[in-house]
Structure formats: structure tokens, C-alpha cells
Amino acid sequence: MTALYELLSVQFAYDQAMVLDIDEFRVAGNTITAITGPNGCGKTTLLNLLAFLQLPDSGTLNFRGQPVNVSNWSRLRKRVSYVQQKPYLLNMSVRENVELGLKFRNQPNNDRRRRSAAMLDDLGIAHLAERSAGELSGGEVQKVAIARALVLEPDVLILDEPFTHLDQRSVGFFESLITLLRDDRGKSVVFTSHDPIIAQVLSDRIYSMLNGRLVPCAMTNMYSGHVIADQHLFASSHLQIHIPEQIQSGTHLVIDPVHLVLSRSPLQSSMRNAFQGRIVALQEQSDLIKVSIDAGEHFQAVITHEAMRDLDIHFGDPVWVSFKSSAVHVF
Amino acid sequence: MTALYELLSVQFAYDQAMVLDIDEFRVAGNTITAITGPNGCGKTTLLNLLAFLQLPDSGTLNFRGQPVNVSNWSRLRKRVSYVQQKPYLLNMSVRENVELGLKFRNQPNNDRRRRSAAMLDDLGIAHLAERSAGELSGGEVQKVAIARALVLEPDVLILDEPFTHLDQRSVGFFESLITLLRDDRGKSVVFTSHDPIIAQVLSDRIYSMLNGRLVPCAMTNMYSGHVIADQHLFASSHLQIHIPEQIQSGTHLVIDPVHLVLSRSPLQSSMRNAFQGRIVALQEQSDLIKVSIDAGEHFQAVITHEAMRDLDIHFGDPVWVSFKSSAVHVF
Amino acid sequence: HARDSLRMATTTSTDNSGLLKVLHPPFEAQHDIRVDVIAVGTGKALRLGEQGDVDIVFVHAPDAEQAFVEAGFGVKRYPVMHNDFVIVGPEGDPAGIGVLTSASQALKQLAESQAVFISRGDDSGTHKKEKSLWNEAGIEPGGDWYLAVGQGMGAVLKIADDKGAYALTDRGTYLAYQDKIQLKVVVEGAPALFNPYHVIMVNPEKHPHVNRQAAEAYIDYIRSEAGQLIIRNFKVAGKQLFHPDVIP
Amino acid sequence: MDYFSQAIAEALVLVLSLDAEVYTVVWTSIYISILAVCLAAVTSIPLGIVISLKSFPGKPLLLQVLNTLMALPTVVVGLLLYGLLTRQGPLGELGMLYTPLAMILGQWILVSPIICNLTVSAVSSADPRLHTTCMTLGAGTWQQGLVFMSELRLGLMAAVVAGFGRAIGEVGVAMMLGGNIEGFTRTMTTAIALETSKGEFELALALGMLLLLVAFVVNGFLFRLQRKSR
Amino acid sequence: MDYFSQAIAEALVLVLSLDAEVYTVVWTSIYISILAVCLAAVTSIPLGIVISLKSFPGKPLLLQVLNTLMALPTVVVGLLLYGLLTRQGPLGELGMLYTPLAMILGQWILVSPIICNLTVSAVSSADPRLHTTCMTLGAGTWQQGLVFMSELRLGLMAAVVAGFGRAIGEVGVAMMLGGNIEGFTRTMTTAIALETSKGEFELALALGMLLLLVAFVVNGFLFRLQRKSR
Ligand SMILES: Nc1ncnc2c1ncn2[C@@H]1O[C@H](COP(=O)(O)OP(=O)(O)OP(=O)(O)O)[C@@H](O)[C@H]1O
Ligand SMILES: Nc1ncnc2c1ncn2[C@@H]1O[C@H](COP(=O)(O)OP(=O)(O)OP(=O)(O)O)[C@@H](O)[C@H]1O
Ligand SMILES: [Mg+2]
Ligand SMILES: [Mg+2]
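Line by line, the protein sequences give chains A, B, C, D and E.
Sequential numbering from 1 applies to the first sequence in the numbering used here.
Sequential numbering from 1 applies to the second sequence in the numbering used here.
Sequential numbering from 1 applies to the third sequence in the numbering used here.
Sequential numbering from 1 applies to the fourth sequence in the numbering used here.
Sequential numbering from 1 applies to the fifth sequence in the numbering used here.
Excised from the complex, chain A in its bound form:
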């Protein structure tokens, strides 16, 4: 099966400053993809490409195997919906805003009415339908913007920090809605978030961005520091971590939580890195448990309930964290 999106050697710059520099990035269909990363790393810019608002300066952007260019992008735009980071509502009623995309698709009037009403009802903002868009609270604006995108029932939903301004109940609702879109409707979702937990829980794939580059893993275990080249070490403020020999430079190091191994005592193994720490947080998450360990740096590991029981580790207990040098990304 061809990928939904395929980006190869894509670069993008505003004025002179290079903002995106992506070697290879693929999004499979019927998946949820999360993108996290610090402010200004290029998340929004990437989503602008995925929503066909901008074209790469160089490189290839394919959608379902088809190269995107100025001649087809306005047509392709009708197959994706994009909720921008700071959504703009038009100076009309909430209902008219939600119906706008349907109007552009020349849906008949009563059909538009029905679908917008159902959507507003679903999102619990039916009472706002006839309110002017200028008279909404921050969270209400966000909900209307999401409704405006969802009502189009697009193949792909692109959401830039969709949960900002939403209260907890709404966040929960949208989380299940997004999962439902993937599971029951076969849709795909790409979203950004600064909340690593939401990104982790919700997505099939997490990508981290830094300075315009994509790294396929969560930002959870990210440390900044420098490479000590001839010793094959990475020095963060509190730890020295073994890294693969070929890596010569980089200022950030990331470890995927699933590659962390926990044990009550030091392990005799091929894993070059092993640190002792203390369990400072435990959290149930779907069928897994997220464990936070303070070992100079904070590590987050994800283990099963059985593993937890077998290990017999508890909140506050000392514990060892080990991982192979090949499990780290340096960039």
C-alpha cells in the first residue's frame, strides 16, 4: 500500500531561514500520527505542507503516491481538513462557520443544516449555533473550529495543537472522537501537541521535531548536552551516556521509552548504559503503566502490569534503568 503522505528531502525556508529539513517522512493511512517538539521547531510549518497550504522549496511531497504541485493542490485540499493553531472564525454565526466548507462543496442547503446541527450537537455546542463568532470564549472558538473541520468528513484530519483552550472534559471527548475516526471510519489524523502524555496515549506513531528535523520517537526522554567524540559518550548536565561510535556531534539525545529496561539490581548484559534511580511517579495508561525514574536525569519507561508485578517494584523504590547504546538518537 502506498503511504498517505511521503516527504523526501523536503526543505522549506521563510525568507533566508531554513525551517524544515526533512530527509524522509511517511504517514501511513488509517493511523494517528503525533508530532511534538519545542516552540519554533517547525511543527506548524510541516502541517502547512501536509494541508497543502504551502509547497516545499525543494524535495518531493507525495499524497497517496501522487506528487503535490500548484496544479492539483487546490483539488487535494478538499480531501483534508486542517484546524490551524490559532483558528480564525469568520464574522458570521457559528452555524454559518460550520457550514462554510459544505457550502464550498456545493452541498444542498438542508443537507448543510442537518449536518452542521448534528455536529454542533455532538460537540455539545448546539446552544451556540446562532451566536456570532465574535462573541465566544477561547475554548468555544476552538470547538467551533474543530466542528468546522470535522463536518467535512475528510479522509485526513490535520490538527495543530487541537486541545489548547479546551477544558478537561472536552479534551477527553475529542481524544475518543479521534480514536473513533481511525477505528470506525478508517480516517487518518496528524496532530501536534506539547503534552507528551496525550501524544503517547492517542497516537500510533510519535515524531519529535527539533530545529526543523524529524526524529521518530517521543520527546519524553530528551536530554541536551554535547558529544565527547573520541570516548563515544554524550554528556548531559547530570549523566554520561554511551552512544554509537559513528556519532560525532549533536546537542540532543533521545531514548524511546519502550527501549528502557528496568530491574531491581544492576544487570550483567550487553547494555552499555545502566543508571540507578528512584521511582517518583506511576501512572496507569490504557493497559500499560508509565514509570518515572529520577536517576540524575528523569527517565520515563513504559511497562506492562505483569512486568510490574514480576519486578515487584513500588513507588519510591530504588530501581536500575538500562538501555543499549544503539537505542539512543543523537542530533
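Among the hints, a few may not be true.
The list that follows gives simulated cross-link-like pairs (lysine-lysine, BS3-like), each with its CA atoms no further than 30 Å apart [claimed, not checked]:
{"#": "1", "chain 1": "A", "residue 1": "Lys324", "chain 2": "A", "residue 2": "Lys290"}
{"#": "2", "chain 1": "C", "residue 1": "Lys76", "chain 2": "C", "residue 2": "Lys21"}
{"#": "3", "chain 1": "C", "residue 1": "Lys184", "chain 2": "C", "residue 2": "Lys235"}
{"#": "4", "chain 1": "B", "residue 1": "Lys86", "chain 2": "A", "residue 2": "Lys86"}
{"#": "5", "chain 1": "A", "residue 1": "Lys290", "chain 2": "B", "residue 2": "Lys78"}
{"#": "6", "chain 1": "A", "residue 1": "Lys86", "chain 2": "B", "residue 2": "Lys103"}
{"#": "7", "chain 1": "B", "residue 1": "Lys78", "chain 2": "E", "residue 2": "Lys54"}
{"#": "8", "chain 1": "A", "residue 1": "Lys324", "chain 2": "D", "residue 2": "Lys54"}
{"#": "9", "chain 1": "D", "residue 1": "Lys54", "chain 2": "A", "residue 2": "Lys103"}
Restraint-style ranges between C-beta atoms, simulated for each label pair [unchecked claim]:
{"#": "10", "chain 1": "B", "residue 1": "Arg131", "chain 2": "D", "residue 2": "Phe221", "range": "26 to 36 Å"}
{"#": "11", "chain 1": "B", "residue 1": "Arg64", "chain 2": "E", "residue 2": "Ser55", "range": "26 to 36 Å"}
{"#": "12", "chain 1": "B", "residue 1": "Arg64", "chain 2": "A", "residue 2": "Pro216", "range": "32 to 42 Å"}
{"#": "13", "chain 1": "B", "residue 1": "Arg264", "chain 2": "A", "residue 2": "Arg278", "range": "47 to 57 Å"}
{"#": "14", "chain 1": "C", "residue 1": "Asn135", "chain 2": "E", "residue 2": "Trp27", "range": "27 to 37 Å"}
Example chain E residues on the side facing chain D (calculated, C-beta under 8 Å, incomplete) [claimed, not checked]:
{"#": "15", "residue": "Ser125"}
{"#": "16", "residue": "Leu205"}
{"#": "17", "residue": "Leu212"}
{"#": "18", "residue": "Phe216"}
Hints in this document: simulated from the structure, not taken from any laboratory.
C-beta atoms are modelled at their ideal positions from N, C-alpha and C, and glycine is treated no differently.
We have chain A already, so just place chains B, C, D and E with the ligands on it with the hints.
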């Protein structure tokens, strides 16, 4: 000592719709106050009053004991800084934006330069100083807006969802900055947030809002349902909770986390409410531990390390949650 | 407009006097023709004829008219009526030209005394007359005292009044403005101040769409006894403005 | 102040007398300028939107030219069209000179740069997210134009009102192309010019007041229209 | 097309001959209209900002009146000021009639409603957060006005350009209050009117082209100014 803010019988309506209806609300000086609540409950409207952007339709709004009115509010505005929910940057450079408030206060040019440069440096956005405000990412805009408010060194800082769009590192930084402003500089902060953990960790006082009314406690343990009046019970979807006799109606019930009592076995006590559950999350927070219990409804309790040790409870263990009927708020 | 129409270009002074308002209705009723009057400067009126945008022109600039006909733009000039130019000036006549009977002498004296003179400066009939008078006097006017304002007659009178200056004007416009200004007639009746009006049909050979029938009917009418009597009887402020040329 | 009180008195007489001649002149002014402005709005608003949304080489130059065209004196527009419509001119055969149609054409040319420029300014001052929002919702070119019109209605209404003021208050085009023919192409402004040249300043001023009254009523009507469309 | 080619040829001659007389006329046009527009901008932009930010009873009426004043025919402005400045009038003693000063005054009156209205429209179309941001930062009334001017500079520049176009292209005020006195108050537009009345249409048109050229240069200058101020 007179309160910093005092609101008595304050009401505010947009057009016809009543949005604020506050019996009594006081903010003490040199404290951090958090306000949480669902979308559209009136948080922003309340902050607009506290920032002297609007006056109540009726009731009294006092600032340091002095009634606020149209003749003094523009003067009082110079003593508070307000970061709005969706901050607006002017179409000039970042530095000029940050210096704007100082310019309005007729600070000399070199003083403005120095203070804005220092502030941008503190917030890690010195490299953005000469960038045009229109060319920033979402989080960068938020940081500039916060810098623009902080550089004025106001007595009172009012922040509407200040952590939206910020990456995790920046959130952490601003959290410590806010604490520092209170502890070392004697300032006061009022902020809103949808993140109950941030609200809890950061503030001296948490208020919850619902439908324009203020309730002085966190939203963490909030359940919706209805009052069964003659039995003095509140029925949520999963539990029935004993409530004070005088309460006749209400659709929401809230329990302050600090009033929850945990035990390994049922307690013989005056506490009318006792439910059995299971520990599903543990999290270290400053000197305390936050415990989440699933007992039909989710309860969040806060206990000390010693209490945790004495009780000898662990992740996944069964546990009893008890509280007095007088510990609940119904509204 | 279903009715047949005759387009006439005329000078502002003719139209402004109000003569056409009484002269035309009998003609229009009799021939069921509507006369569309386009009142503009003399130069522009002749130009509109040249371009073929009107059927007939009714102006007072003998030399220009001559040239117009000779160039073949117009068929023939018919004298219709005349009145006269006058030189007006501030009360008391500070330049003392009122005693002179020759217009060019009067202008010469004006130039010598450096009294302010306002000129139309717009190549209109009046302006052309003024230039020929200066010519006769052998003077090339210029300097601070000579202001060419390039406007209509009324505006010139207003400016002259404001500045306490002299000006050459047709009598009709002066009579119309008499109440609004303090200027007085200082020189009149000199033969050189004669001001004849002619009507000319635009040449249908050059411009085939010219409404020849109506134009000829109009010329006949305006030179008929009926037309001429209306001209003679037309009065502004109790004074006769125009003297018919066909009837005595 | 005799001058002004007399002018006001004459204005009252004009309004109250309901003279058929005055009525014709007022009506000619109104319908010609309204038609010209409608024509200009229909052509120039879309043009302005397109110009400001597209980027193409020579755009700054085009904008500067459009700005410059706002300085077109009415007489020059009159002269230009005269050159086309005179019997000798390329369109002379149509016999359009000295008809209301010619005046409408002239005022259209006069008003178009104003409406076009102010449209460009309204679009450029709009929130840039308006454009991207339209794109993300899949708007076609036409649909996007309609959305812009509705979203920028305040600014566009100001453009139309400015254009209307220009059209109803101008005299050069009406004079050159209409010819100020009584009962046919005489408008309030050409009548004012005529009375002024006759020295009937008070009457001219009274006509001017009448013109402002008419403009006031038309603007009130436009305002109501705008408020309704909200 | 003889008419137009002749006009273009005459325009070239006008520009290339650098005739002192032509130069005087061009310069008179420029300095009078620029001074009038500066005066109008200085008075009407602040006024427009205040009007749109304050709410007071009668505001809709005031706005409608301001809109109406955009329809002021130039001749009517001329008549009004004439009534004041004529020797018999209340300000006659000043002897201002038929001077450049009177023309500047007249064009100021003419242009002010345009700039004021377009300012109101620019402020009303601005993001409402601009106002609240100023307030939260503690801006005084004056400071806020300055911020609005800088923030809305695009729209305000459009207002000024429209006003300049109106001023340099108008003829009624220049004619009535300036008197078209050669070498003193003759502007390009009054010269055009004069040549037109003489029937020298080609020369008039050539002058019109010259006027547009001048306006083009001035607008280019304004643009550069605006870009610099960014
Ligand atoms: N219009 C623009 N012109 C110039 N630079 C821009 C523009 N928009 C964004 N940038 C810069 O490009 C970089 C990437 O911006 P982008 O908005 O993609 O970041 P982001 O990852 O979405 O950040 P955030 O988490 O703050 O939303 C940033 O450094 C930003 O300053
Ligand atoms: N300008 C306005 N005109 C009319 N109603 C308004 C206006 N602004 C807000 N409201 C309404 O007032 C109520 C309170 O709004 P407010 O912005 O204070 O909510 P909030 O608690 O800040 O919500 P959020 O969490 O979404 O930011 C909402 O129902 C909102 O729809
Ligand atoms: Mg972003
Ligand atoms: Mg809010």
C-alpha cells in the same frame, strides 16, 4: 491587611446573558491564585474585571480597598499586567512590542532597551528581538506576550491560560518564574488554566468556576449528577454521596483533595462517605504525593510521604476513601 | 426621447442671460423639435461644431466664426442680433478713463496708470475682442496689474469687484451681475465695442448626421419676425439686452 | 451672513416647492450616479480582491498606477471619453455623446480606481488567516471572493460610499459628456455650475444643500442595507 | 485616433519643453494639494480615531453625516468659502480670496471627510484586541492614538492617497477660490478647464496626462515613505 481584590455581589452580562454572578471573592496580596473551570464558564470575563478592562454591571470591585470606577481605572491599569487568552502582538518588531508598555510609562530610551533585552534574554528568546511579530510561531508569540507583561514589573500579574502553546521546558521555566515573583519580589499572580495539576502545584488558592459562579476549591474531584433532596444524597453516575441536609438542589458536586482520607480498611468514624477503590496513579509533587483512586468515580487525594509510608499502600492496591458530608460543595 | 432634437452649442453668456428660455419654446412647439442647448465657452462651442457633435452654433466671435466657415465646418454665418461690450471699473474711476470715447485709448490709459485689469484670458469672444483692442492701442499687456484669470465672464466680474479692478464685459452679463457688484460702467458706446451674434449650421457635407432640416428651420425662425421680436422685447432688469439684426 | 441665510431660504423653497424641474434634475443625478457606482462596485471589488490576493511581477507598479488614477480629474475623464464618443471618434457612430449613458460610463471610470484601491487596502489589512482559512476549507476562487466580500463588508461599504460621494458630487464628466441639457442630462452638480456661472450663488448653494440632503438619504439607505446583511 | 495621438504628442512637448509657465502651474498644484492633504491628515486622522473608539449618543448620525460630506461637490465648497471670504463676507477683511491660502482651506474641507471616513473604516475593521492590548499596557489617550496610527498605517495611507488624489484632481475649489490667475493660482486642473473651454481639447488632455504623471511620482514617494516606516 486589606485584600488586593475584593468583589462583592458582582454581576456582569454581555447583552442579556448573565456571565458572572459572584457573591464574594477576595484575592490576598503576595499570593498566587488559580482559576479553573469548563469552557465558557466566565474565567476570561472575570480576569477582564481584575485587569480593569471592564467594570461590573452591578456590585463592588475594590482594588486595595479602593472602589474601581471609570475615573480611576485607567490609572489603576498601570499597576497590573494582563496577558490575554489570545494575546495580540502589534505589527512591529518583537523588541518594540516588549518595550511598548515601558514607552507608555515614558521610560527613557536606553532604559527601555536594557530592560527589554534582559527580559528577552531571561525568556530565551533574545534571538527573536528584531523579528517582526507577524513571523513568529504560536509559542513564540505567547512568550513575547508574557515578556511584554513581565517587563513592566507590575504589582499584579494576570494571566489567562498562560501556558497554552508553550513547550514543556518553557512551561517549567514560567512555573518557577511565577513562584519566584511571589516569593522573592512580593508580587501577586492570578491565572487561569485547564490543567488541574499546574493549578494545584502552582497556586496558593484554587477557585473553580461554573456558570459564572466561583467555588473556592479545585475542580479535580468534580462530579455531575443531581440531588435526591429528602435523602440528603447526591447521585452521580456511579456513586451516591451524602451531602449536608440544607442543600436542596444542584447539578455538580466538588470535594477538595485535602479533605479526602485514605485507609486500607473501612473506618469507624463520623465521616458519612466511604468508598472502596484501587490506586491507579501515584505522582510526586513538591513534598507531597498525589494519589488517584478509582472507586467507580475517580478521586484524587494529596498525602505526605510519611502518610504514604505509614499507610503502606502501593500502586494497584485496594484502598478506602472517606470524607465528611460537610466537605462537599454542591452547586 | 422620441421627439426630433436639435443640438446647439452656444456661449455661456447667451444662455445665462435667459434669452433662449423665451426664444425657444415657440419654435419647439411649432416644429415639435426639442432644442438641446449645450452652453460652453466660445472656443469649445466652435470646436464641438468642428467635431460634428452639434447641429448648430450660436456664438459671438466674428473672426473665429469666419475661420470656421472658411474651413468648411460651417455652411454660412447668419447675423441674428448684437449688443455691446462695456468697460467696467470701480466707483469713482480712479484711472480716469471714463472721459475717453475710444476704447483703445481708454485701455492705453489704463496701462499707463497701472490700474489693475482682469482679463478673461480664455480665448472667448470677449477675450478676443479685448486682445484686438489692446492691439489697436499698440500695447502688449502684462505685468502685475494685468491678471489673466481664464474663467467665465461672471467670475471675472466677481474677481474684478473683489480687487477693485477694471474689466471688459458684455453688457448682458454685466446687467445680470449689476446687483451683486459695485463695479460701474466707465466706457460704453464706442464703435469698437460692437458685439454681433451669428448662428451657423454645421456643414452636413462634413457631418452627414447633422439635423439639417431642423437647423434650417431654426435659422429661419430666429431670423423671422416672430423670433426677432422676441429678441427685441427681451429685457433684464427693465433694460433691453439685445438688438435684432434683421428687423430694425 | 445674508448670503448663507438666503441660500438656506432658497434651499427650503427648492425642497418644499417640489418643482417638476428640480425633481427631474435630482432624479437624473441619483440614477446616473447609483448606476455608475453599481457598475464600478461590480467590476472593481472583484478586481481589487484578485489583485491583492495574487502576487505577480509588476504588482507594486500596478498598485501605484491604481493609486494615481484616483487623481484623475473629472474633466480629463470627460476629455478621454469625449475623444472616443465624438462623431469623429472611434465610437462616434453610437451617438452616445450627451446622453446619460455616456455620463454613467464616465463616472464608472472615475469611481472605479477609488473602489478598487480601497478594496485592495481592505483586503491587505484583513487578518491573513482569512485567506488560509478559506483555502483549508476548500474554497474555489469565486467562493473565496464572496467570502472576502462578506467578511470585509465594512471596508467595502466605505469604498462604495466614497465612490458614491465622488459620483454624485462630480461635475466634469457630467458637463463634458452630458452637456448639461435641460430636462435630459442636467444633474444637480451641472445645475450648480450653471447657477454659479450666472452669478446666482445663493441658488447654487441651495442646490448644493439639496444635493447633500439627497446624499444623506441615499447613505442612510446604504447603511440600513449593510446592517440588514449582517 | 488622431485626437489621442495629438494629445500624447502635446503631453511630451509639455514635459520636455520644461517651460517655466508649465513648471509654475505644476508646482502650484503640488504644493497646494500637499499642504491641504497634510492639514486634513493632521486633523482628520485623530478625529476619525477618536470617533470610532468612543461611543456616544448620536454616533451613527455623525457617521452618516460624515459619509454624506464625501459627496460635497467641489463647487459647493467653493461657494461656501466664497461666502465667507468675499469682501462683503464675515472674513472679507482678511483679503484671502483668490490666494493659494483660500485654495488650501477649500481643499482641506473637501478632503477631510474622505480621510476621516476612511480612518473610521480602518479603525472599525481593526482587530478588537488592538484596543484592549493598548489598554492593558497602560496607554494614555494620545499614546493609544499613535499606536493606532502606526498599526493601521496601511489603511491610513490609503486614506491619505485617496485624499491627495481628490485634492490634486479637483477643479471647483481651485477655480472659485483661486480664480485661475495666471502665474499665481493657476493649477493643472484649472488650466485643463481653461483649455477645455477654449476647445483646445488635445492640450487639455496633455495637461491631464502631466497631472497623472505628477500624481504618480508623488504616490511613489508616499509609498517609499510608508515602506521605510515599517
Ligand atoms: N511567516 C514567517 N516568517 C518567517 N519566519 C517564520 C514565519 N512563521 C514561522 N516562522 C519561524 O519558523 C520557525 C518554525 O515555525 P513553526 O510555526 O513551524 O513552529 P512550531 O513548531 O509550530 O512552534 P510552536 O510550538 O511555537 O507552535 C520558527 O522559528 C518561527 O519563528
Ligand atoms: N463579547 C461577547 N459577547 C457575548 N458573549 C460573550 C462574549 N465573550 C464571551 N461571551 C460568553 O460569555 C461566557 C463566558 O466567556 P468567557 O470568555 O469568560 O469564558 P471562559 O471561562 O474564559 O472560557 P474558555 O475556557 O473557553 O476561555 C461564554 O458563554 C461566552 O460565550
Ligand atoms: Mg506551531
Ligand atoms: Mg477564556
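> Tell me, which hint numbers fail for this structure?
Replying inline: Violated hints: 5, 8, 10, 12 and 13; rest satisfied.
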